[in-house]
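Q: Sequence:
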Amino acid sequence: MKVLILGATGHVGSQLHTHLQQSNITSIAASRGRMRSNIEGHVILDSMNLADLTTQLKQVDAVVNCVAGSKDGIGQGAKILAEAALAAGKPTIVHLSTMSVYGASEGIITETSPFDPTYNWYAAAKCEAEQHMQAYAQAGGKVVVFRPGCIHGPGSVQWVERIANLLNSFRLGDLGSAGDGWSNLVHVDDVVKAIHFGLQLPLNAGDIQHYNLAAPDSPRWNQYFIDLAQAIGATPVKRIHPLQLKLDSKAFSPAIKISEKLLSKAGQRGLAKRLPEPLPPSLVRLFKQQIFLDAQKIAPQVPFMTYAQSFSSAVEWFKNEQR
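The letter at position 241 of the sequence shown is residue 241 when you use this note's numbering, and the numbering goes up by one with no holes.
Hints in this document: simulated from the structure, not taken from any laboratory. Note that CB positions come from ideal geometry on N, CA and C, so glycine has one too. Among the clues, some could well be false.
Claimed, not checked - Here are the simulated DSS-like pairs of lysine-lysine, each with C-alpha atoms no more than 30 Å apart in a straight line:
#1 Lys297 with Lys246
#2 Lys238 with Lys297
#3 Lys297 with Lys261
#4 Lys297 with Lys273
#5 Lys71 with Lys319
#6 Lys79 with Lys250
#7 Lys238 with Lys58
#8 Lys238 with Lys71
#9 Lys250 with Lys288
#10 Lys246 with Lys257
#11 Lys246 with Lys79
#12 Lys257 with Lys238
Unchecked claim - Label pairs and their computed distance ranges (CB to CB):
#13 Gln76 with Arg274: 44 to 52 Å
#14 Thr118 with Ser70: 36 to 44 Å
#15 Lys319 with Lys58: 30 to 38 Å
#16 Lys319 with Thr18: 19 to 27 Å
#17 Thr112 with Val43: 34 to 42 Å
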């Protein structure tokens, strides 16, 4: 099997490329620019260029879409991918979506739960991308869609490094009822194994399969914050007042984002990186959202790491990064 990975410089894409190569599967890592390191099987490819993408897809059996970024990059990018795949002979598409497609939904969420594209721009873009995947299947293509929760573990800037930085600055801690939402954590290795499973899944023309990805024993956010704070020495764990969260997310953090943009435009990217972590309102909403991602459909085929195992590897990575 020969596989093209779009978004191969990202957290999941880079890990997937290594995993497939170690599994004796020919993997082509595609990115718009240079990879972070010299790795075998890298091609420079603009996934928004229909002609170039079609040419690459004619050479593979499957493509994994790990593209993140802007609204157009996600939504329009998926449309171009579907068009290119149709023109290239209909290779299998494995599409990495997100639990964000379920928006503000709460309770136990299965793969048949309704979408909520009104939640935010990211949810809207991911919902649009899934529509294009559905259209590709209806045109005779084969599709596997994964909807992971919060991908953590080694290399997770969003759900390990950022959270650790906020804990170290005592802007996160015990949030009380504001942190009682389910974390829906899933280790990056489990996401990679799921994608490998998806690539080998026997499908007929027109088939599309959907899978949620989240460890069944993922804790509530408060528990994760307390565990991580204790592991990295961000103690004593502070009880965060609701007013502090509100002021941080709606006043302090927007100011940080504005400063980041101004410094970047001025060519001061080094200074921009030294600014504190922003804590956007969308993140604060997530911490209290009672959404539990049900991943029982895939669990028999891809057993998830326990929370203790995944947490340990995440902490080890973060501590090594700080040395």
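Q: Please go over all the hints and tell whether each is borne out by the structure.
A: Hint by hint, here is what the structure shows:
1. For the hint linking Lys297 to Lys246, the alpha-carbon distance of about 37 Å lies beyond 30 Å, and the restraint is violated.
2. Straight-line distance between C-alpha atoms of Lys238 and Lys297 comes to about 38 Å, which puts the hinted pair past the 30 Å bound.
3. The straight-line distance between the Cα atoms of Lys297 and Lys261 is roughly 42 Å, outside the 30 Å bound, and the hint therefore fails.
4. A threshold of 30 Å between alpha carbons decides the hint, and for Lys297 with Lys273 the separation of about 40 Å lies outside it, so the pair is violated.
5. With a CA separation close to 33 Å, the supplied pair Lys71 and Lys319 exceeds the 30 Å bound.
6. Of the pairs offered as hints, the one joining Lys79 and Lys250 is violated, with about 34 Å between alpha carbons and a cut-off of 30 Å exceeded.
7. For the hint pairing Lys238 with Lys58, the CA-to-CA distance comes to about 55 Å; that exceeds 30 Å, so the pair is violated.
8. Distance hint between Lys238 and Lys71 is unfulfilled; the C-alpha atoms sit about 36 Å from each other, more than 30 Å.
9. Restraint check: the Cα-Cα separation between Lys250 and Lys288 comes to about 16 Å, which is no more than 30 Å; the hinted pair holds.
10. Using a Cα cut-off of 30 Å, the hinted pair Lys246 and Lys257 holds, with the two alpha carbons roughly 16 Å apart.
11. Among the hinted pairs, Lys246 with Lys79 is inconsistent with the structure: their alpha-carbon atoms are about 38 Å apart, more than 30 Å.
12. Distance restraint check for Lys257 and Lys238: the Cα-Cα separation of roughly 25 Å lies within the 30 Å cut-off, and the hinted pair is therefore satisfied.
13. Distance hint check for Gln76 and Arg274: the Cβ-Cβ separation is about 34 Å, which falls outside the suggested range of 44 to 52 Å.
14. Checked against the given bound of 36 to 44 Å, the beta carbons of Thr118 and Ser70, roughly 19 Å apart, lie outside it.
15. At about 45 Å, the CB distance of Lys319 to Lys58 disagrees with the hint of 30 to 38 Å.
16. About 22 Å separates the C-beta atoms of Lys319 and Thr18, a value consistent with the hinted range of 19 to 27 Å.
17. Look at Thr112 against Val43: about 37 Å separates their beta carbons, and that is inside 34 to 42 Å.
Against the hints set out earlier in the document, violations occur for numbers 1, 2, 3, 4, 5, 6, 7, 8, 11, 13, 14 and 15.
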